[in-house]
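Generate coordinates for the entire structure from the input sequences, incorporating the hints supplied.
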Amino acid sequence: MSTLLVIAKAPVAGRVKTRLTTVFTPGQAAELALAALRDTLAAVVAAPAARRVLVLDGQPGPWLPPGVEVVPQCGGSLDARLAAAFDLAGGPALLIGMDTPQATPELLARGLDFGRADAWFGPADDGGFWALGLAEPRPELLRGVPMSVPHTGAAQRRRLAEAGLAVRDLPELCDVDTPADAARVAAQAPGTLFAARYRDLCAVPR
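Taking numbering that gives the first Met the number 0, the leading residue of the sequence shown gets 0, the next gets one more, and so forth.
Hint data in this document are derived by calculation from the structure and do not stem from the laboratory.
Cβ coordinates follow ideal geometry from the N, Cα and C atoms, glycine included.
Any given hint might turn out to be false.
As the list claims (entries may be wrong) - Label-pair distances were calculated between CB atoms; the ranges are:
hint: 1; residue 1: A186; residue 2: V70; range: 28 to 38 Å
hint: 2; residue 1: D199; residue 2: R50; range: 11 to 21 Å
hint: 3; residue 1: G114; residue 2: A202; range: 40 to 50 Å
hint: 4; residue 1: E68; residue 2: V11; range: 14 to 24 Å
hint: 5; residue 1: R142; residue 2: T24; range: 32 to 42 Å
hint: 6; residue 1: D176; residue 2: V44; range: 18 to 28 Å
Written as structure tokens, this is what we have:
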């Protein structure tokens with residue numbers, strides 16, 4: 000069985016979802032981040048993984064569900080931190096972030112099926128990626144990939160293919176980074192905690 004890795008920041012005002020603060024206050028942005036993280040962890044707990052690990056920048060809080068290990072993120076650039084997360088898995092692993100509360104346990108289960116692939120790739124519609132799965136933990140496949148640029152996803156997928164891996168794709172999802180992203184994801188996944196918190200905050204007069 001595989002490991003599910005979630006790389007995330009603790010939902011602290013002023014440290015998370017700062018791009019949402021063009022519309023929301025830092026505290027409200029942190030509330031949305033918390034809701035997204037709770038949705039993500041609920042899907043992770045319900046998915047068929049042998050091990051569930053939260054690779055966290057910050058301290059865990061009462062939002063952490065049972066059955067999820069917490070390890071601190073290492074320092075360095077994002078590519079180095081993602082590589083280190085795969086290194087600690089020690090076997091087949093699917094890594095996701097906290098920005099796709101619409102991801103379901105069924106979708107995560109697809110990315111854990113390494114009988115069908117050497118790697119799984121989940122593209123994000125901003126040019127990045129929301130999920131990456133490796134049948135073997137090969138951190139060198141992430142180190143040096145340019146992060147947080149419009150071609151991050153293309154560069155990462157090309158790295159996998161050039162390594163000779165059989166790569167299968169997960170559906171493209173929208174990462175919640177901007178207020179427009181938040182509105183879109185809330186509409187796409189109205190039953191999530193994220194969508195409920197988004198609706199509540201939008202009902203608050205500004």
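For each hint, the structure was consulted:
With their beta carbons about 34 Å apart, A186 and V70 fall inside the hinted range of 28 to 38 Å. Look at D199 against R50: about 34 Å separates their beta carbons, and that is not inside 11 to 21 Å. The hinted range of 40 to 50 Å is satisfied by G114 and A202, whose Cβ atoms lie roughly 46 Å apart. The given range of 14 to 24 Å is respected by E68 and V11, whose C-beta atoms sit roughly 21 Å from each other.
Between R142 and T24 the C-beta distance comes to about 37 Å, which sits within the given range of 32 to 42 Å. At roughly 25 Å, the beta-carbon separation of D176 and V44 lies within the given 18 to 28 Å, and the hint holds.
When held up to the earlier numbered hints, the structure conflicts with hint 2 and nothing else.
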